[in-house]
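Participant: Residue numbers (UniProt numbering): 1 to 158.
Hints were generated in silico from the structure; no laboratory data involved.
Nothing here was measured: the structure is a model prediction, and the numbers come from that model.
Here a beta-carbon is modelled for each residue, glycine too, at the ideal position from N, C-alpha and C.
One or more of the hints may lead you astray.
[To be verified] Computed beta-carbon distance windows for the label pairs:
no.: 1; residue 1: 113; residue 2: 41; range: 42 to 50 Å
no.: 2; residue 1: 153; residue 2: 133; range: 36 to 44 Å
no.: 3; residue 1: 37; residue 2: 79; range: 33 to 41 Å
no.: 4; residue 1: 46; residue 2: 141; range: 18 to 26 Å
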Amino acid sequence: MVLDAEVEIAGAGGVRRIPVRDLYDRTGDGIRRLTLAPGELLVAVHLPPTARQFRASYLKLRIRPSFDFPELGVAVAARTDGDRVEELRLALGGLETYPRRFDELTAPMAGQRWSEERIRALAAALSAAVRPVRNTSLAPDYRKRMAGVYLQRAIDRM
């Protein structure tokens, strides 16, 4: 999602390509999660050539390492020029009823130099913006706080 990937979907009606962010139902009901029609399969993921311009990182919060379902997934991608951010992208999964990007939070970073203060402010804004659903054994408030913590860790790993 942070690299603007597209997915290829095949079904009886043919093959189509859509952005990853359009793969998920954003109505908020959380019941019908994907926009796939009955009988359709996701058959490929395509990264655009521009993906090579980004450094990226993904971290997930799990109850235990052997359990694959994330309580929280944080993906970040940055295109930089030295210590200056040209573009920062951020997406979260596992908290709400669909994964989503937070372009409104990362846009102000464009043209700025990396700094601990800016990263902390971004992490705080992210934690304030998310609305975790109660769908796992970890408390929503804990997962909300961890969104900012994991964002900082993901940026550190890039």
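Participant: If you test the structure against every hint from before, which numbers come out violated?
Facilitator: 2 and 4
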